[in-house]
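Student: Here the sequence shown is numbered in our numbering, starting from 1 and rising by one per residue.
Everything labelled a hint here was simulated from the structure, so no lab data went into it.
For glycine and all other residues, C-beta sits at the position ideal for the given N, C-alpha and C.
It is possible that part of the hints are untrue.
[Stated by the list, open to error] Restraint ranges, calculated between C-beta atoms of paired labels, are given here:
no.	residue 1	residue 2	range
1	Leu109	Thr136	21 to 27 Å
2	Thr30	Val59	17 to 23 Å
3	Met54	Lys3	34 to 40 Å
4	Pro13	Arg39	28 to 34 Å
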Amino acid sequence: MVKVTDDGFFPVPRDKVWRLIEAHGTDVRTIHPDIKSTRPLDKEMTTFEHMREMNGQVVKTVLKVIPNPPNSLTLEFLEGPITGKMVNTYSDVPGGTKVVTECDMKSQLMDDKQLEEAVRQVLSRGFDEDLRYLRTKMQ
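Full structure from sequences and hints, please.
Tutor: Right, dumping it as structure tokens:
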């Protein structure tokens with residue numbers, strides 16, 4: 001298991017970040033193009049199966065989403081090549097919203113060094129895609 005911490009900055013108020021988070025429920029494939037299909041696995045719409053492209057292959061992942069607006073969002077990766085938990089904590093800062101991400105992840109396919117690198121790549125790409133959507137679709 002690896003622990004990864006990262007942070008980022010959204011140049012918008014926290015309420016707009018929460019609108020972005022909510023948009024993942026209806027527009028996740030536009031926000032994150034590597035997700036090829038998605039379907040809810042429960043009536044509460046908190047657990048989802050995603051078919052996503054990873055390294056040229058389409059793989060199944062199962063994700064549980066636990067929102068705690070306006071302070072945090074927890075993502076539990078229940079199935080897939082990487083499993084574990086990611087918690088995003090949001091705080092108001094001058095000019096926008098700071099997000100701190102803490103991950104505890106594991107994989108049977110990678111050693112710890114490879115896993116840490118993969119998690120950091122996923123975080124970076126996901127943040128960039130969120131920011132791009134925020135700037136182009138939510139302005």
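Student: All hints are to be evaluated individually against the structure, with a verdict given for each.
Tutor: Checked hints:
For Leu109 paired with Thr136, a C-beta distance near 34 Å fails the hint of 21 to 27 Å. A hinted range of 17 to 23 Å holds for the C-beta pair Thr30 and Val59, which are about 20 Å apart. Range check, Met54 to Lys3: Cβ separation about 22 Å, and the 34 to 40 Å hint is violated. Judged by the Cβ atoms, the range 28 to 34 Å given for Pro13 and Arg39 holds: they are separated by roughly 32 Å.
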